[in-house]
Structure formats: structure tokens, C-alpha cells
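> Residue numbers (numbering that gives the first Met the number 0), protein chains in the order written: chain A, 0 to 320; chain B, 0 to 962; chain C, 0 to 251.
Certain hints may be false.
[Unchecked claim] Using 27 angstroms as the maximum straight-line C-alpha spacing, the simulated DSSO-like pairs for lysine-lysine come out as follows: (1) A:Lys147 x C:Lys119; (2) B:Lys686 x B:Lys88; (3) C:Lys50 x B:Lys88.
[Unchecked claim] Sample of chain C residues at the chain B side, in silico, Cβ under 10 angstroms: (4) Ala25; (5) Val28; (6) Gly40; (7) Tyr48; (8) Thr68; (9) Lys119; (10) Ala166; (11) Gly178; (12) Pro180; (13) Ser182; (14) Glu221; (15) Pro240; (16) Leu241.
Derived by calculation from the structure, the hints in this document are not laboratory data.
Cβ coordinates follow ideal geometry from the N, Cα and C atoms, glycine included.
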Amino acid sequence: MHPAFSVLFFTTLSGAGYGLLAWTMLLLAFERPGALMGHTPLLFLGLIGTATVLFTLGLFSSLGHLGQPQRAWRAFSQWRTSWLSREGVMAVLVYLTVLALAWWLSAPLRGVESGAGLPDEVRWVIWATLLGALLTVACTAMIYASLKPIPAWRHPLVLPVYLVFALLCGLLLMMLGQRLAGGVAIAPLLVVAGFLAGLLALMKWLYWRGIDRRPLPVSKTSALGLPEGREVSVFERPHTEANYLTTEMGFVLARKHARKLRLISVLLFAFVPVLCCWLAWLFPDAATPVLAVAVLASLLGALVERWLFFAEAKHLVMLYY
Amino acid sequence: MRAMRQPVLELQKPVGDQVRQTTCYMCACRCGINVHLRDNKVRYIEGNPAHPVNRGVLCAKGSAGIMQHYSPARLDKPLLRVGERGENKFREIEWDEALDLAAGWLRESRARDPDRLAFFTGRDQSQALTGWWAQQYGTINYAAHGGFCSVNMAAGGLYTLGGSFWEFGEPDWEHSKYLMLWGVAEDHDSNPIKLGLGHMKGRGAKVVAVNPVRSGYGAIADEWVGIRPGTDGLLAFALIHELLKADRIDLDYLVRYTNAHWLVVRNPGGADDGLFARDGEGRGLCWDRGQAPVGGTSVPKGIGTEVPPTGKAMPAESTGLSPAVIGEFTLPDGRKAVPVFQLVAERYLDPKYSPDAVAERCGVPAATIRRLANELAAAAFDEPVVIEQPWTDVHGVRHERMVGRGVSFHAMRGISAHSNGFHTCRALHLLQLLLGAVDTPGSFRYQPPFPRPIPPANRPGKTRQANGALDAAPLGFIHGPEDLLVDAQGQPRRLDHAYSWRYPLAVHGMLHTVIRNAWAADPAPVDVLLMFMANMSWNSAMNTAETMHWLTDKDDAGEYRIPKIIYSDAYASEMVAYADLVLPDTTYLERFDAISLLDRPISDADRAADAIRHPVLDSATQREGRDVRGFQDVLLDLGARIGLPALVTDAGKPRYGSYADYIVNHERAPGVGLLAGWRGDGDQHGKGPPNPAQLDHYRANGGFWSAEVPAEGRYFKMANRDFLDWSQRMGFIAKAEPVVLQLYSETLQKFRLAAQGHGPVQPPAAERERVATYFDPLPIWYEPFEGSQLDLKRYPLSAVTQRPPFMYHAWGSQNAWLRQITARNFLYLHPETAARHGLADDDWVHVDSHHGRITVQCRLAANVQPDTVWTWNAIGKRRGAWKLAADAPEATKGFLLNHLISDKLPDGGYANADPVTGQAAWFDLRVAIHRADPAAESHPQFAELGDNGDNAPLRYGAGFRKA
Amino acid sequence: MTGLPAPSKVKLGLVIDLDTCVGCHACAVSCKEWNAGGITGPLTDERPYGKDPSGVWFNRVHSYDVAATDTQPASTLHFPRSCLHCETPACVTVCPTGASYKRAEDGIVLVDEDKCIGCKLCSWACPYGAREYSAVEGVMKKCTLCVDRIYNETIPEASREPACVQACPTRARHFGDLGDPDSKVSKLVADRGGVPLMPELGYAPVNRYLPPRPRRAGPPGEAEAVADSPRESLDTSQLNPLLRWLDRALSR
Ligand SMILES: Nc1nc2c(c(=O)[nH]1)N[C@H]1C(S)=C(S)[C@@H](COP(=O)(O)OP(=O)(O)OC[C@H]3O[C@@H](n4cnc5c(=O)[nH]c(N)nc54)[C@H](O)[C@@H]3O)O[C@H]1N2
Ligand SMILES: Nc1nc2c(c(=O)[nH]1)N[C@H]1C(S)=C(S)[C@@H](COP(=O)(O)OP(=O)(O)OC[C@H]3O[C@@H](n4cnc5c(=O)[nH]c(N)nc54)[C@H](O)[C@@H]3O)O[C@H]1N2
Ligand code: SF4
Ligand code: SF4
Ligand code: SF4
Ligand code: SF4
Ligand code: SF4
Ligand SMILES: [Mo]
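Bound-form chain A, shown alone:
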């Protein structure tokens, strides 16, 4: 599949954004409301704001993929069947809850006295936002994972990988944010991040092994309505020059490039972050720049991984093109 940058940026940025949002919600959910309102509302607002910027950028980037972006609003209508539509609907819902939270969180800024902290019912909104963020990522993953003509995307690990990517990038971002807001203890989270990075590397390894080994579920002969077993090769394509199908679905990636890129992506999204977490643990004083490196590496790694996710996925159309 042709790796369109609009889509790569979309999934990477929105993934990180929703991941960050999810972690922020988790943190928020376990904060004592009163304490929070007293001490670090800006941190939370900052984190939520950053998350929103990220997934908004992502969503905007996805508009770049559309031929008629001005009609994007129509995409909310088909949530009954379409994962893309569901993703849109989820994104909107998340915007709503985020907006509500931001309203409450910004109470002090608006000069409203609320010594009592967040009202209790807000907890539900927090949990809903967390769930919404993860579900949005899941919808994104399902857009791909539901496509039968692209067997590599039907792999059972596609959905978990999207989620873990979001969580990893989000967590690294959150830790960086916390550090920037001033010396919060993050040691346990560093362990979690390291674990996520390792888990991701393992899942991707399994995924790649899976798609390398699994033959296409459909044969050329079936695509041509011929009896099984007949050997077929292309004599002439319908058009000597490229067409929409060959450029969109016919992207071919040389094996050796794929191997190199896989390595690069694992280095970036797993190895570097793990190393950084370890360093940040060892040298808490240097945690901020080190985490910044980790964030950057994870995002770049995600981008490369996403590129591969497309570039390595073979569309069944290429069976007969």
C-alpha cells in the first residue's frame, strides 16, 4: 500500500495525542481532586492541551488525505458500519469531554473559587475521556484491521500494536510534561514505559514474523476464476504506465530495505526509549533532556513503523496486477 504521509502523520500524531490524553486521565483519576486543584491544574491543562494539539494536528493531517476535505463532516454519518466514521464520532466525543474537563480545570484561571476541587461527577467524565481516547485509537486501528483485501492488516496484533504505540508515546510525552512542570517523581512510570517499549518490540517482531510467513489467503487462480493449481503470470498489464491502482496498492518495497527499516524503527521506538528511561532513572537530574530524546525517538519510530505498516502491506489487487 502506498504510504501517504498525511495518513502516517495522522496515525502517529493522533495516536500519541490520545495516548497522552489517556495517561493524563489516569493520573487525574487517581489524584485527589482537592489537592489537584490546589497544586497543579496548569500541569493537567498543559498535558490535555498538548494531547489535543497532537490529535488535532493528526486529524487535520488526515484531512490532507481527503479529496474533498470540506465535506469531512459527512464522515460522521455511517458509524453503524464504518470504522472511519466511528473514529470520527469518537474523536468528536473526546473533544466534548476534553472541553468539559478543560472548563473545570481552568476554573482557577477563570478566577472561580473552587477550593473543593473537581466535583465528584467529573470522575465519570475523566474515565469516559480515557476510554474515548483509547477507543478512538482502536477505531483507527480497526479501519485497517477490517480490510480483508489487505491481509497484513488483518493480523490480530494490529489493534494491540496501535494501542500500545499510543500508550508508549503518550506516556513518554506525559513524563516529559511532568518533568517540565517541575520535578515530579516518575520512577515507577519509567519502568512502565520501558515495559511498554519492550512489549511493543516483541509484538512487532511477532507481527513481522507473522506477515512474512503467512501466505496470502487468496490465490492468483481464485482471483482469475481458474481451477486451483494452474500457474499464471502476467503477460500485459491493462495499461503500460501507472494507474491509480498500481500507485495506491502496488507500492513495492524491496525486502532488504524492509529489513533495514524494521531495525531502524525498533531502535527508535523501543531501544532508544528503554535506554532513555534507564538513564532517566539513573540520573534523575538529566531526565528532562533524556525524556525529550525518548519522545522524539518514539515518535520517529512510530512514523517509520507506520510507513512500513503501509509499505509492507500487500493488497490483493497485486495478486493479478
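Keeping the supplied structure of chain A fixed, place chains B and C with the ligands upon it in accordance with the hints.
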């Protein structure tokens, strides 16, 4: 489930606001089309369901007519050269200036010597007009493109059957049980063949494709015989050998309809050797065995037992005879003679034609050849095709039913585009005749006005009358040496050397030699080269690089060696660059044309038909500044300006105001004009006085006319009284006489005798051996010349081209839709061949012939005979031609095989052509391939003609949707 | 709505005979021609006269080499491809806007270009390569089964069929109701063993392809066979073969 909200679609919108019925000209098949116009733009072109040629279907080219008509490459104005020839620099001029100039040049050259005009036309179908015009001008130097196209097929057929393949005959699609396609990719009958193949396969008939490449028709054939190019004659002989050996031949048919029983004089060294024995009235004789007791009546030569034959010589065409087909007979005057059939049997029973002997050379296993022979025989004889239709033969004998042979052949340029093609074509006809499979139910069938007398009566014009016109049209049929156009020394008179001892039966001329000879002033200089619709500097040239040089070469005085070139094209082709004066033609939707029975008829076996094209769009409104004229109009105008005899009235005024006027009012013979329909008062067909309302009748009838052959006249046309009478009534033949099919060609023997020193007209010494060798009265096979003159170890591969079904020669590439299908070509190799050379898909290869080298990309495909490589024809374009961008794939990656094809044989002597007909031997090409370094472009490349590609997105039809 | 309608009784579609398809591209070009000016036009062409020309086509013709088997010779297969108007097509259900839909009355799958946002997802979801994105128009396009011909009463009844069917010179293309077992097309499919493509994907294509009939070339191994039994009726080693015709009683 919720109710759907489906959009409301506008499904009742009329296709257009007008429909015009005319004839397609995206190729020469000439299908009927309905052109739907909306707001004076073409909305949709569909096949006309009522049209006899295509019955509603339409090929890819036909459907792309919209893009052809609106092509940016259209020429809009007459052009006068301003730069050097070949630079493609012109000034637009007005028609008056253009016509004055052209008329001046033509008048001048006619005054010096009409032969100083060389008038050659290409892909057109107005030879009835152009040939007549040339005759009025008085030049012998006229021809159309047939000489490089398929004259072997035409001549082979006309000198054997009085009809031919090409689009002049067809398999009996309805009844045939076994069809063999020999070297056919598309043909001029593309849609009828496709319709027929679909139908035949549906009926369960077997289709066999003999072709080095298995694509197109070959792909759907039941059997593909991947033959080595140039060896079909051998294969045919082996089949004949088998059939003779097994006595699976139709002798009754042979003695009824062919000259199998005619007696050939045996007088080695004599002036009459090999001629038919004739009586005092010139009637050919046969040996009538009379009521003689069966057994021991006559004795074939060399058998030993000398029993005097009984019976007597009788006119071969009389009835009530029992003709002998074997034996040597003594004629009343004491000469010895043998029947044709014996010569046939003796020759082809020779073991050198056995399947085992030819298998290796043909690349077809002997067992396969034997099986094919059996299958042919089974299809022909085991279950004859019977049509319950009484008919009467020319002798008045009534037959209760029509009984035929369910074997049909069709053949085209795979046979004819070889230097042995004439004989190979005759070999196929011989095979058909032995099977009794010519114009019988289930077999090959003539399309009226065929069959014609063998050879057709009209001979080429050679002398000028007082008014300067030739005594006959420049092209015609040669009946014997006396008809040749040679000078006192026996040297060619025509610029193209057609009708000379080198190519005596070049009945379509030899367009492929014209430019070299005009440059070399061989045999004499010309002043003006007038060309029409032929891309002669590119895909229709052999030796392209030198051809471009000849077109631009100057003499010592700095003058062009070809002084003036006038060219009429409709588009910015490669050839336009070489004209001094360009006369822009209309597109096919803007002009009148007559698809005439006098030219290349569109009849089918059951009906005679002709058609017109008429302007469905007004050229003046098609594009800002567009000012084009139909070439036929221009030709008539020019003829009148220079006062050609039949083109002006006695008062010196133009006789015809326009081509439409000419179509209606010109009579070739009393009552015979270009169109056969609605003559006289509109109720006479075939013959009749001109009818001023004729074109209206055509328009009202969908643009065509057709007349059904009476049911009793549909088969055995060569000897069917009902058919021949009908044909005569229609004006197709002068007399309702039977056509005797010629297994043995006495015409050829006359040339051989001349070469052996007999008769008043004899070849010069240098030509004798060649004429004696290749004018064998029975079909022969010889190694194609290019191969026979080369070291085949050095050039181990054959290289051929095929027509893509969706492109017409060069002119499809300007078409925005068609060029997307194929914007570039590849050299196709068999994987085994590729493996031998270490080649993979998309590798670059040098392809070398004795003549030159091209460097191109290859692709592997197993659907080709392994010793053959091939590519699609005419996809490669010169940079900047056809208003394509200079980096268009056609120019950068595409290529022509023509760069490798020499116009002369390797030894530099004769043209690369058939020695009998002069047919260009495109497919004799031998090559070697070598791996090349990856390259950015194919080679050779020639100077760019411009960089014109209009690359704005093309949104054709957007307006119709809104409207 | 991209929910699929209840299965319709009428299932309009094409039946394509691979036995007689000569790969001439007539169907592809006539489709282009009709639809360029039809309800989904234009079928835009980019760089029409330049490098890399490409455009929107609803029908494309492929060619393949098929290797020999023990019983069948190698062959060349021409294969036209257009939308199969599947009964359960994901191209419809993935569409976020409802632009892609399957008609309830006849099963034709269409794109409502006024709704389409050009997300291309439907083209990814179609395993048959039948969707064509137009970058210039920014919308998805596809075979309409010539819905603006087949119901168009301004067109003579006999011509109320898709442009590709109308044009096909070998008449290898057939149009009709595959939901009706008694229709001409259904019978053709039954007679000739018509097949759906990639049925295992579950899209339930309506169009059917008629497989090439078995080829009738020589027996396998024929090339290696040596001359066997004498096939002629006379023993030619004994007699001059011409003698058999010596006394043939022929009449004319
Ligand atoms: N290698 C190889 N070469 C071959 C062949 C082959 O098989 N292999 N085949 C040969 C054969 S059989 C033939 S017939 C030739 C064909 O070769 P050509 O006769 O040269 O055919 P085209 O290239 O189509 O060129 C015809 C010219 O007519 C112009 N034209 C198109 N429409 C009109 C019109 O309406 N009016 C006018 N005035 N001009 C028009 C086109 O622009 C073009 O310049 O090629 C020959 N060359
Ligand atoms: N679509 C389309 N139709 C056309 C044309 C076109 O350009 N495009 N051109 C028209 C013209 S001008 C002509 S002359 C006709 C020509 O019509 P065809 O004769 O059908 O044309 P070619 O493509 O030259 O086909 C020659 C076939 O012979 C095969 N062949 C080559 N050498 C041999 C051989 O030695 N033996 C055998 N058995 N086969 C051999 C080739 O592989 C090829 O399949 O087509 C006309 N129709
Ligand atoms: S075969 Fe095609 S291009 Fe030729 S006349 Fe017929 S429809 Fe036109
Ligand atoms: S038009 Fe008919 S024969 Fe030609 S490619 Fe299409 S289906 Fe095949
Ligand atoms: S062929 Fe493709 S586009 Fe057509 S209905 Fe089936 S899935 Fe959809
Ligand atoms: S491209 Fe258009 S039709 Fe296709 S899924 Fe997207 S919105 Fe629907
Ligand atoms: S049915 Fe109509 S739109 Fe579909 S492929 Fe055929 S011509 Fe094209
Ligand atoms: Mo030709």
C-alpha cells in the same frame, strides 16, 4: 433495517440531441457508427446495429473516436515550409495560396513529363478517385499502400481464386467446423472476424491459430501452432503431402471448379512448355476418358506399362466429360501433355514435403502436422456441410442441395509480409482447393463483387493519349510479360519499379521503394512527390534513418534531390515535417468519403455493400482558426486548376464542384459510379444513371447500402449461374462466365518461359534466373531472402510485429485514451530465450540486424515461439511528433522495429520484397540480441520535432454532465 | 447509508466469457466513452499527452500467460475487470459518508459523488480493483453498470445494455439479472460453469466469469511421438501412389 435514502438518479436523459449515422475511420474496417451529438459536441459513438460490417459492435479504436476527432495534433491550416526540410518549421497560409502553389508545381511537372509526378497514397480508401485522378494527370507513378501491406495476399488470391483473403473473403462463420487462421492478428476485417470467432466458438467449431505469437485470436484458439516465421508454405505442403498420401482430397470438386484436369504441355525447352494445351479457339483442353472401360486407360509417366490411352482431348470447360487427372496424353498435334493434378501430386508427394522433413524447419512436430492433416480431412469429408438449397450451375445443371466442406482458412500478413509470401499464399489456396473448400458451405467464401476473372481484366495503363491521360488507370493486373512497364532494355519504367522484371506482379505498386528511388532518380527524376495519408518517414518506412536522409538530401547545387514534397495529413505526424507544403485534411467526422465497390468493398459473403462518410461536424466550428479541407475535394480542385482532361468541362470549368458531387455524378462506365445504391430514380441498384438524391438515400439508410445475394447464389459463386447473373446485373462482372480456379498458374509460366528465352518480351540477362526460379506455376517454398543471405548463427532470431487491437498504426498514439493502454512497447522474448541471454523483465537489450541496432527494454512472455521475438507495431514515436510531450514514453521508451529493417536485401541488390509481387518483407527480419547496460532511453533517437504536450487534465464530458 | 440493503431479488450484473475474450480493450474504451459524458463523468485523464498519462477507467483488460498442465496446453488469457456489484461488499460498508451505496432495487453498487469525501477507503476495501479515484475531481468513481443506459427509455430497447456489452466485438460480455435463475445470463452461467472471483473473501460477487473451454490441441507428448501406423489407404511403398487416381471416374 432502516429504509435507505438513495440518491435520485437522472436516468432518462437522452444521449444527445442529434444522432448521425456514418462510417468509422479509426481503421480501415469501416464499421457503421451512430454518432450522438450534444450541443454540437460528440457525446457518444456506438456501433450501428443495422450495419452489415459490425452489427452494432465497436472496437476500442472506434470508441475512442471522440479523442481522435478532438486531438490536439489536428492540423488546422495549410502549412508552407519555412525552415529546412525536416525541421518541422512552417508558416500557416491560406488555401488560395496553397492551391496556387500546388497547382503551379503540378502544372509545371505535367508539362515536362507527367511521370515526373509521383503520387502515392497510404491508408486511404479513395483509390477509386486517386487512381482515376493519376490516370487523368497521366503519370504511371501512382500507387496506394498495398505493396507494402498485403499484396501477396491479394495477388496470390486473385491469380488463384479470383478472390482473396484480406477483407475480400471470409470463413463461413455460420457453418464452418474447422477454422485455420494463418498469421492473422487483426486484419482489415477486425470486427467481422471477432464477431465470427465468438460465434464459431459458441457453435463448438475448432479454431486453430498458426502464428509464432499466441495473443489475441491465438489466445482463444483451440490450438496454437507456434510456427517459425516464414515457413507456413512448408507446413501447407506437408499437409498437402499427407492429404494426397491418404487420398483425402476432393477430386470431384477439383475437376468441376479448378484446372486440375487441364492439360499442360510437356515440351522441355520448347516455347509452349508448361502452357495449357488449347484447341484452335484457344480453349484449354483436358483428356476425356469417355466411356472407356475402367482400368489401364492411361499411364502415368514412368510407370512402365505402355498401354495407349483411350479417350480424347476435349475443351476442359465443357460438361458431360470424364476427365483424367493422371496420365500422359498425346494431343491431336502430337505434343505430350499431362493434367495439372498429376503435376500437383508429383510435386507434393515428394518426401521432401513429408511432415518429418519439414518439422524441424517449421518448428512444428511431425506428429502434430499429421494430426492436423487428419483433422482437416475429417472436418472436410467425414461430415459434409449440407444446406438444403437448390442451385443451378453455369452449365444449367440443377443441384438439389449445397454440399460443402466444413474447413475454412483465413490468412493475412503473417503469410504475406515475407519474401516467399506470394507462393505461400498460393500454397494455402492450393490446400483449400484440394479439400474442396473454396466457396462451399462451411468453407472460405467470396464476398461480392468477387470472384472475378483470373486474373482480373484491367491491365495497368502504360501509354498516354493525346490529352495527356493514361490509357488506363496506373494500377492493374499483369497477364503476361507484354503487360510489364519496362523500357526497351527491360528496365523499370515506374519510380517504384513495380511491374518490372524484378517485381512483375506488383499489382499494388511498391510504396516502400518510392523515397529511395525518388532520391536516386531511379529510373528517372521526379519533380513533385505528392503523398496522402502515409507516414512514410517513420512507421511505414523500412530503413527509417536513411529515409529521413533521402527526404532532406541536397544535390551539388544545393537543391533538394526530391524537389517538391506535397503532403496531406490530418494530424501532426512524423511525415509532416518533411513536406514543403502541407494540405490539412479533415477528420473522419468532417468529410465525405465513398466506401466504394470500385475500391475496397465492405461486402460480406451474403451481400454486396457500400457506404459513405458525410460531415457530421462542421470543421469550421471545431476549433478557433481551423480551416481544413477534405483531400478529395482538394484533389478535384487541383485537377480542375491544372485542367486535367476529365476534371474540366469542355468550357474549361471544373466538372465537379466537390467530392460529394463527384461521388454522385461521376460514372466509371455507363451506369456505374462510386456508389451502387439508389441509382437512377432511386430504385435502381448496382447500375443506373446518377441520382442527385443518392446521398440523401444513404444518409436515411444509416450511411450504407447493401444488396443480398440471392439465396441460390450464395455458394459455388465461381460457377453458380444465379450468382453470376446477379453479379452481372449489379455491374460487378462484364459477363456471367464461370471462374476456373487456378491450381496451376499459366500466367506465371509465361514469365518463366520468357526467362527461358521464349517470346517477344524477355527479361534482361540479369533477371532471367530470378524470374525463372520464382515464377513457378505451382506453389514453391524457399527460405525468405534475408535469412538465406545471412549467417543464421549470427542472427538466430526472427523478429516480427503485431497490430495491437486498440491502435491503428501511428495514428492511435495521439489519442488520450488509447495511449493509456499502450504508451510504450517492449520487446517480448520467450523465457527460454531470455534465460539463454541472462535477461529478465525490463532489462535493456541491444537488438542487431544486418542493417542496424536498436536498444530497448524487454519483457518475458511464454506465448511466443522461442526463436522469435516480437513487439507491437508503430507504438514508438519520434520525439515531439503527434503533439505529444517530448518526454512522452512513446518517444523515450517506445521503439520501432523498422529501424532494423532494411529496404534492400542484405546483398544490396533487390528490394527487401517478394520477387513476384514486390510485397515488402517486413517479417523476414533476422536479429541477434545482447544484454545492454540499463539506459534511460531507447535508441536510436532522432532530433525532436517540438515539445507540444498539452498536459492540463482532460475532463472530457464534464460539460455533458452539467448540461 | 452504507448499511447494505436487504438482498434484492434482482441482481443485475455482467457475465464475461473468458473463452472468447480476445483482449481487444473495446469494452474498456467504450466504457470510458460512455461514462465520460454520463452521470459519473468526467473520467478525468491526467497528463493526457505527456509522460505518465493516467486516467479513470471503470474497466481494464489484463492479459496473462497460463502454463500448461498434464492435459491442457499453455494458453494466453485475456481478462477484463470491472466492478462485480458484490452482494456483501465492504466497499460500501467501510464508507464513512454514505456516498458508497448498493441500490436496494437491483443491487447496483454506486458512488454518490456529491457525498464522497475522497478518503479512498472503499478502494482499499475492494479486492477486485474496481474503484477508481480521481485526484482531479477528488472523488471516488466506479462502474455504474451503465445505470444511465439500462433504464434509459430514450435509448432503443435493444441497446439498453451497458456500453461494454454493446461494444464487445466477440460478444463475450452479457448483461442481465443474475438473481433470476431463468434469465439468459443465469442459464449461461449454469451451462458453462460460470464462476465468481475470490468467493472465499465473502463479498459474494454478482458478476460471473465463464472459464475458457478446454483447449483441443494434440495429446500431451505429441511432439515426442514418432511416425506410427501408416495412415494412407494404399501401401505407397508398393505402388506408385498416383495410380490410385488413374482410373478414378470423375465427371463434370
Ligand atoms: N515494422 C512494421 N512496419 C510496418 C508494418 C508492420 O507490420 N511492421 N505494417 C505496414 C503496413 S501493412 C502498413 S498499411 C503501414 C501503415 O503505415 P501508414 O500508412 O503510414 O499508417 P499510419 O502511421 O497510420 O499513417 C497514416 C497517416 O495518415 C494520417 N491520417 C490519419 N487520418 C487521416 C485522415 O483522415 N486524413 C489524412 N489525410 N491523413 C490521415 C496519419 O496522421 C498518419 O500520418 O505500415 C507498414 N509498416
Ligand atoms: N487494430 C488494428 N487493426 C488493423 C491495423 C492496425 O494498425 N491496428 N492495421 C490494418 C492493416 S494496414 C493491415 S495490413 C492489417 C494487417 O492485419 P494482420 O495481418 O492481422 O496484421 P499483423 O499484425 O501484421 O499480423 C500478422 C500476424 O502474423 C504473425 N506472423 C508473423 N510472421 C508469421 C509467419 O511467418 N507465419 C505466420 N503464420 N504468422 C506470422 C504475427 O505474429 C501476427 O500475429 O490490419 C489492419 N487492421
Ligand atoms: S474496426 Fe474499429 S476502428 Fe475499425 S472501423 Fe470498425 S469500429 Fe472503427
Ligand atoms: S471487448 Fe470483449 S473481447 Fe474485447 S476485451 Fe472486452 S470482453 Fe474481451
Ligand atoms: S467489486 Fe469492489 S467495488 Fe464492486 S461491489 Fe465488489 S467490492 Fe465493491
Ligand atoms: S472515497 Fe468516497 S465513496 Fe469511497 S469510502 Fe471514501 S467517501 Fe466513501
Ligand atoms: S457496465 Fe458500464 S460502467 Fe460498468 S464496465 Fe461496463 S461500460 Fe463500464
Ligand atoms: Mo497494411
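> Confirm or reject each hint.
Going through the hints against the structure:
1. A:Lys147 x C:Lys119: 15 angstroms, holds
2. B:Lys686 x B:Lys88: 49 angstroms, violated
3. C:Lys50 x B:Lys88: Holds. C:Lys50 to B:Lys88 sits at ~24 angstroms (cutoff 27 angstroms).
4. Ala25: 5 angstroms, holds
5. Val28: 4 angstroms, holds
6. Gly40: Holds - the Cβ of C:Gly40 comes within 10 angstroms of chain B, reaching about 4 angstroms at its closest.
7. Tyr48: Cβ of C:Tyr48 sits 4 angstroms from chain B, so the hint holds.
8. Thr68: 14 angstroms, violated
9. Lys119: 18 angstroms, violated
10. Ala166: 5 angstroms, holds
11. Gly178: Violated, about 18 angstroms.
12. Pro180: Since the shortest Cβ distance to chain B is 22 angstroms, the answer is violated.
13. Ser182: 18 angstroms, violated
14. Glu221: 5 angstroms, holds
15. Pro240: 6 angstroms, holds
16. Leu241: 5 angstroms, holds
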